Amino acid sequence: MDAETRKQLVALDTATRMVRRAYWGKPGHGLDPSTAQVLVALALIADEHPEATTPTELANRLGIPHPAVSTSLSKLKESGLIAPTKDTESKRLKRYVVRKRNAGPIINQIVAAASDESPRYR
Numbered sequence: 057m058d059a060e061t062r063k064q065l066v067a068l069d070t071a072t073r074m075v076r077r078a079y080w081g082k083p084g085h086g087l088d089p090s091t092a093q094v095l096v097a098l099a100l101i102a103d104e105h106p107e108a109t110t111p112t113e114l115a116n117r118l119g120i121p122h123p124a125v126s127t128s129l130s131k132l133k134e135s136g137l138i139a140p141t142k143d144t145e146s147k148r149l150k151r152y153v154v155r156k157r158n159a160g161p162i163i164n165q166i167v168a169a170a171s172d173e174s175p176r177y178r
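My numbering runs 56 ahead of the 1-based position in the sequence shown.
Treat the hints with caution; some may be incorrect.
[Stated by the list, open to error] Below, simulated DSBU-like cross-link-like pairs (lysine-lysine); rule was C-alpha separation at most 35 Å, straight line:
#1 133 <-> 147
#2 131 <-> 156
#3 147 <-> 131
#4 131 <-> 150
#5 133 <-> 156
#6 142 <-> 156
#7 142 <-> 131
#8 133 <-> 150
[Stated by the list, open to error] Cβ-Cβ distance ranges computed for the label pairs, FRET-style:
#9 124 <-> 155: 19 to 27 Å
#10 88 <-> 59: 19 to 27 Å
#11 155 <-> 70: 18 to 26 Å
#12 89 <-> 133: 16 to 24 Å
#13 168 <-> 146: 35 to 43 Å
#14 89 <-> 110: 37 to 45 Å
#15 147 <-> 70: 18 to 26 Å
#16 124 <-> 146: 21 to 29 Å
FYI, nobody ran anything at the bench for these hints, they're computed from the structure.
This structure is a prediction, so every number in the text was calculated from the model and none was measured.
From the three backbone atoms N, C-alpha and C, an ideal C-beta is built for every residue, glycine too.
Turn these sequences into a full structure, and let the hints steer you where they fit.
Right, dumping it as structure tokens:
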């Protein structure tokens, strides 16, 4: 496994743990855990690779079924938290980007809820 792949896997594992901690019996941002996991993972991937991510790429990196990712992406799109973009090479392929203005506060809330330093959730 190369260093880049290892770094991405660590980031996605961190996202998964953050979402689990944020949802451990606490209400909050209105996203179900799997949709929040996809949002945080998409944001983390975007930090490393600014180009948009496909549902297949996201499913492979998260290790979850493609239909689950597609369902989460649909919910995030309907909520205005992500936006689809067209692929430059394929007209059929859709890529997604995080709308930082809309999703930023929710991502920050998930991170704060998952943080050990957050006194609200100790």
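Against the structure, the hints:
1. 133 <-> 147: Between residue 133 and residue 147 the Cα gap is close to 19 Å, so the pair holds against 35 Å.
2. 131 <-> 156: Roughly 16 Å separates the two Cα atoms, so the pair holds.
3. 147 <-> 131: Cα-Cα ~22 Å, so holds.
4. 131 <-> 150: OK: residue 131 and residue 150 at ~15 Å, within 35 Å.
5. 133 <-> 156: Since the Cα atoms of residue 133 and residue 156 sit roughly 13 Å apart, the hinted pair holds (cutoff 35 Å).
6. 142 <-> 156: holds, 18 Å
7. 142 <-> 131: The given pair, whose Cα atoms are some 19 Å apart, holds under the 35 Å limit.
8. 133 <-> 150: holds, 12 Å
9. 124 <-> 155: 19 to 27 Å: holds, 21 Å
10. 88 <-> 59: 19 to 27 Å: The hinted range 19 to 27 Å is violated for residue 88 and residue 59, with Cβ atoms some 33 Å apart.
11. 155 <-> 70: 18 to 26 Å: Because 22 Å falls inside the window, the suggested range holds.
12. 89 <-> 133: 16 to 24 Å: holds, 18 Å
13. 168 <-> 146: 35 to 43 Å: holds, 38 Å
14. 89 <-> 110: 37 to 45 Å: violated, 22 Å
15. 147 <-> 70: 18 to 26 Å: violated, 35 Å
16. 124 <-> 146: 21 to 29 Å: Holds, at about 23 Å.
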